[in-house]
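Could you build the full structure based on these sequences and the hints that come with them?
The sequence shown: position 250 = 232 (the numbering used here), numbered continuously.
No wet-lab data here; the hints were simulated from the structure. We put the CB at the ideal spot given by N, CA and C, even for glycine. All the pointers check out, no bait thrown in.
Here are the in silico distance ranges between beta carbons for each label pair: (1) His72 to Arg224: 30 to 40 Å; (2) Glu156 to Thr2: 18 to 28 Å; (3) Arg45 to Asp74: 15 to 25 Å; (4) Leu75 to Glu(-5): 16 to 26 Å; (5) Ala205 to Pro147: 25 to 35 Å; (6) Gly16 to Asp123: 39 to 49 Å; (7) Ser114 to Pro76: 27 to 37 Å; (8) Ala18 to Arg142: 35 to 45 Å; (9) His129 to Ala160: 16 to 26 Å; (10) Asp(-7) to Gly19: 17 to 27 Å; (11) Glu216 to His129: 35 to 45 Å; (12) Leu(-12) to Arg45: 15 to 25 Å; (13) Ala18 to Leu121: 36 to 46 Å.
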Amino acid sequence: MSATLLDKLADLESRYAWNTLTVDGHEWRWLDTGGAGNAVVLLPGSVGDGAMFVSTLLSLGERLRLVAVTYPAEADPAALADGLAQVMDHIDLPAAVIVGSSFAAYWAQHFALRHPQRVRSLVIGNGFTDGSDLAENPLFDRQYVEHVAPGELHAQWLERIRSAPASELALLQEVMLAQRQSAENLHARFLGVVRSTPSPALPIPASRITVLDCEDDPLIPPAARARLRSNYPEARHTTLERGGHYPHLLNPEGYEAVLLRCAS
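Next comes the structure, spelled out in structure tokens:
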């Protein structure tokens, strides 16, 4: 019988210990596989911590140095970018492939904007240009997100996941929300999404930027995917036929091939 995602999560955390650093009063946490190859920083989206990349960490963690980061309850992309730079200083990581998923794909652009010398290459995965791309989705209605209590938002998302059809992804998301991600953290990430504005042009070559999306992504509409690609016309555009909003979990082979190419 093949291992489930929860089995893999237990395996992952038996191999690698979580590390922590407090930056400007916020706790950052990360897993570092210490692999022999080039360094890749993995940043999850709104739901879950750095272990959302569990399949990638187990598959490539010895081949590459993978650093999977859990970032704090902070909505401001500039503050997140500068906090990540301090984490990289702390672990003596001058530069890395920076890989963001969803909300982190948005603020990873601000990391490249503020710390371009630290970006060997940038992967903007399952991302968006700004909050207007998702505004028609009631889950990302700005007025709602701005005024809802963090505990209420957290409870609603937990119930939404528990009501979804059973799947390994849903079980992992439930564990993340029920046991590992605070209401304040989830709310801050949603605030970051709905408050987002387009990133200015990045001071890194287009050849070092990959825009990754999935044909079957249920959260990022086709028009939003096209808009993001149009912002980086000379970057590498990679579209996976499957992977939903979590290709690192739903299409790990395709996702890992992208990372290996970017880290080579």
